Each structure stands twice: as C-alpha cells, then as structure tokens.
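Go ahead and model the full structure; you've got the sequences and the hints to work with.
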Amino acid sequence: MNEPDPDGMTRRQLLRHTAWFGAAVVLTVAAGEVISHIHTPDAPVPDDPNALRFVQVSDSHIGFTGAANTAVTDSFHRAVDQVNALPYRPDFVIHTGDLTHLSTPAQFDQVRQMMGGIRAGGLFTVPGEHDSVDDAGQKYRAAFGKGSTGDGWYSFDLKGAHFIALVNTLNLEKLGHLGVDQVEFVRKDVAGLSSDTPIVVFSHIPLFAMYPQWGWGTDDAGQVLNLLRRFASVTCLNGHVHQLFTKTEGNVTFHSATTTAYPLPKPGTAPAPAPVTLPAGQLADALGIREVTYRQGPQPLAVKDVRLA
Amino acid sequence: MKTLVAAQRLSLMACAALALTACGTPAQPSGMDMPSTPAAPAAPVATNTVSIKDFAFAPPLVTVKAGTTVTWTNGDTEPHTVTSNGGGPLKSPTMNSGDTFRYTFTTPGHFDYLCTIHPFMTGTVEVTP
Numbered sequence: 000m001n002e003p004d005p006d007g008m009t010r011r012q013l014l015r016h017t018a019w020f021g022a023a024v025v026l027t028v029a030a031g032e033v034i035s036h037i038h039t040p041d042a043p044v045p046d047d048p049n050a051l052r053f054v055q056v057s058d059s060h061i062g063f064t065g066a067a068n069t070a071v072t073d074s075f076h077r078a079v080d081q082v083n084a085l086p087y088r089p090d091f092v093i094h095t096g097d098l099t100h101l102s103t104p105a106q107f108d109q110v111r112q113m114m115g116g117i118r119a120g121g122l123f124t125v126p127g128e129h130d131s132v133d134d135a136g137q138k139y140r141a142a143f144g145k146g147s148t149g150d151g152w153y154s155f156d157l158k159g160a161h162f163i164a165l166v167n168t169l170n171l172e173k174l175g176h177l178g179v180d181q182v183e184f185v186r187k188d189v190a191g192l193s194s195d196t197p198i199v200v201f202s203h204i205p206l207f208a209m210y211p212q213w214g215w216g217t218d219d220a221g222q223v224l225n226l227l228r229r230f231a232s233v234t235c236l237n238g239h240v241h242q243l244f245t246k247t248e249g250n251v252t253f254h255s256a257t258t259t260a261y262p263l264p265k266p267g268t269a270p271a272p273a274p275v276t277l278p279a280g281q282l283a284d285a286l287g288i289r290e291v292t293y294r295q296g297p298q299p300l301a302v303k304d305v306r307l308a
Numbered sequence: 029m030k031t032l033v034a035a036q037r038l039s040l041m042a043c044a045a046l047a048l049t050a051c052g053t054p055a056q057p058s059g060m061d062m063p064s065t066p067a068a069p070a071a072p073v074a075t076n077t078v079s080i081k082d083f084a085f086a087p088p089l090v091t092v093k094a095g096t097t098v099t100w101t102n103g104d105t106e107p108h109t110v111t112s113n114g115g116g117p118l119k120s121p122t123m124n125s126g127d128t129f130r131y132t133f134t135t136p137g138h139f140d141y142l143c144t145i146h147p148f149m150t151g152t153v154e155v156t157p
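Protein sequences appear in the order of chains B and F. Residues in the first sequence are numbered from 0 upward in steps of one, following my numbering. Residues in the second sequence are numbered from 29 upward in steps of one, following my numbering.
No lab work stands behind these hints, which were simulated from the structure alone. Treat the numbers as computed from the prediction; the structure is a model and nothing was measured. A couple of the hints might just be wrong.
[Stated by the list, open to error] Below are the DSS-like pairs computed for lysine-lysine, each with C-alpha atoms no more than 27 Å apart in a straight line:
hint : chain 1 : residue 1 : chain 2 : residue 2
1    : B       : Lys145    : B       : Lys187
2    : B       : Lys145    : B       : Lys158
3    : B       : Lys187    : B       : Lys158
4    : B       : Lys173    : B       : Lys265
5    : F       : Lys81     : B       : Lys173
6    : B       : Lys173    : F       : Lys119
7    : F       : Lys93     : F       : Lys119
8    : B       : Lys265    : F       : Lys81
9    : F       : Lys119    : F       : Lys81
In structure tokens, the structure reads:
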C-alpha cells in the first residue's frame, strides 16, 4: 500500500516498525493492527489484574455525511465492537469529544445509544466544538453531563491515578479555552494530592500548541499545566486533530488520538483543516482506538494505538 | 528490546522535530503561550455580502450603514456558523453547504463574530450611522 521510499523509512513505516517490535507481547490481544506503541520496556503486560486499563475513542462525528467517510456510524460501531472484543474488560472508556457532527438532538440520541453498547467499567466523555455548535453545550450536558460541574468538567480517582476531564470547546476565540472557573476547579482539585500521584488529563482540543493557525491549541492551557508542574507524571490525552501525535514537555506527555470518522490533513499541508478523502481502501488505516495501561509505580502510562479492525 | 527503545526515541524525536517546525516555539507554560496568527490588517470592504469559502469569511471586515441587512453564504462543503463573540447579536443556525444567513444591523457599532465549529475563522462587521 505504501509507495517505496528511496530515502528510507517514512514516519508511518517507522511507527509500524516500532509497533512491530514493541507489540511482541500484545499483538495477540489486538483486534486491529497496532500503529503506535509507547511505553517503557517494563510496562505492565495486558493481563496484569492490578493494572488500570482504559480505552480512548474520539471524534466519532455521528451525523457526518461527507465523501471522507460516508458511513461514520458503521465505523463507530466497529470501534465499539473492537472495545468489546478486547480480552479484558476496560476499567472505563473515554470519548474525547466530537461525539456528534452538528449537535442535533437526533445525533446525540444516536451516539448515546451506540455508547450504551460499550462493555466497560465506566463511560466518560468530554465535549468537542461539534457538540456545542448552537447552544454552548446544553444538549451535550443533558446527554452526557451527569456528575459534572461547571460547564461539564469533573475529576475522579482510580487505581492510584487521578483523572481530570476538561472542557475547552466553549467560549472559543481562535483557540481552545478553559476559563478562570475551570482553572480554579483544577487548582482546588489537585491541591490535596501527593506529587507522586499520576495525573491523566482529558480534553478535546490539544493542551499544547500543535498548530494554532488551525485552532489546534488552548490559549490558557499554561495555567493548568503550571498547576500540574509539581507532579511526577502528567499524561494529557486529546482528540480534535484526527491524527496521532505525541510530544513531551518536561513532566507532561501529550498524546493526540486519531478518529473513528475521517482524517484531517497534517498541520500546514492543506489550506484548511477540511476532511480528507483518501483513495479507496485506505480509510481504515487512518482510523483507530487507543488502549492505555497503567500499573501503580513510577513508570509512565503505556499507550497503544490500534487500527480500526 | 534495545531496538525497540531506540526506535521509540527516534519516533519521539521525529515528533518533536515536527512540532518545532509546525509551531515555531514550543508552548511555554505561562498563560498567554500561544503564538497567534500574524494579524494581517484586513482592509474594510463596503459590502453587505460575505462569502464563506475555504474555512474563511471573505471579506473578513465589512462596513455597512445602520439598517443594512448583511448576507452570509456558505460555499464550503463543511458546515459553518456566524456567531457573535460573547453576548453579541449574531447567532446563526448551523449553515450547511449553500445555506445563507441574514442579519439586519440596526445600531452602529463594531460586531466581531466567528464560526463556533472552526473558531479560527473570524470576521467583523462595522456598522456606521
């Protein structure tokens, strides 16, 4: 499928190469092809009963009907099936936003029913800007906001890790925005935590400057990251950009997830972040889900991105 | 396993290099850390029609007299909105491809707006007496 590259490995091949070596102990559990795999050599194996294991799905865009994916509902069904086919029951599944394409009541109803088919210990979401097109997130919160505070943010603890789910898709101007209320929420939320508590942050729009010209960043993310500076390990998981990307800044590692719907261009390679229609047969290569594993101790979270089966 | 670690490091370095070229300077955790798009001073255009094309409002800055109805037309295949920043008067429904939205400006003033779906798309209407 990939054209031979006379200059050597393309980045995609490198990722595949990495995955091929890195996936030796996990390939047996993967329903689809492993496309990236980031962890330390002593990361927990998937059948460790004490490990925290969750799955990230993102950007299902239920209601999208464009040429880039004429069957987003089928794609999301496959993602749900793939989660349910895992050899373990995830502690929870997090959907990092753009559940719907245009925030219509019918789209919210459909995606909520589809999410209801996921077998996991819990189900969490954060909203994307497509989930608050015309009502500042009211329909989103009616469907998914139970247990949240403010405009939909919340936190929880599980198996030694602390999770913070943020909303950075409201009150937008050019970039994602958290706002003073939410920064204050995080300040109080982490105040009593020991600095060796692993922190995991969910948001739709990246908390790092991935490509501000297309709005792929959050203007006041630095205020939250400053509050998390004292922690040994901070992992930020986001969607929005419909492609895998990883970056480390000090104690913080950012992982952008791919989508179950359609790809977007790589930063700056197109006039606008419009849906990309791939040649026939190549769409599945761009879609996927992400498995994340953590075992109590000093090691970072293990992140494995798997192609949609 | 050495090969694995080396390949991962290489992969991360490739990511970091891409981030640097894509974003200029890495984000500093200091609040106002985002390099913003260079503010190209848009010349105001006296017109009551704005087209939405290639994820941009064109022209981005229009001037009209009070009482004028401004019409936006979505020429993209992707949906967009015309929505005031903060508590302003513009609040279009979702505009699908080919849809139009009209608003009559009755009072003079400076009206900034954006697309809630793609908030990097911004525009302004200057209403003169």
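Consistency of the hints with the structure:
1. B:Lys145 to B:Lys187: Holds. Lys145 of chain B to Lys187 of chain B sits at ~21 Å (cutoff 27 Å).
2. B:Lys145 to B:Lys158: holds (22 Å)
3. B:Lys187 to B:Lys158: Cα-Cα ~21 Å, so holds.
4. B:Lys173 to B:Lys265: Distance of about 18 Å is within 27 Å: holds.
5. F:Lys81 to B:Lys173: Distance ~17 Å between Lys81 of chain F and Lys173 of chain B Cα, so the pair holds.
6. B:Lys173 to F:Lys119: Holds, because 17 Å separates the two Cα atoms, which is no more than 27 Å.
7. F:Lys93 to F:Lys119: holds (20 Å)
8. B:Lys265 to F:Lys81: holds (20 Å)
9. F:Lys119 to F:Lys81: holds (19 Å)
The structure meets every hint from the earlier list without exception.
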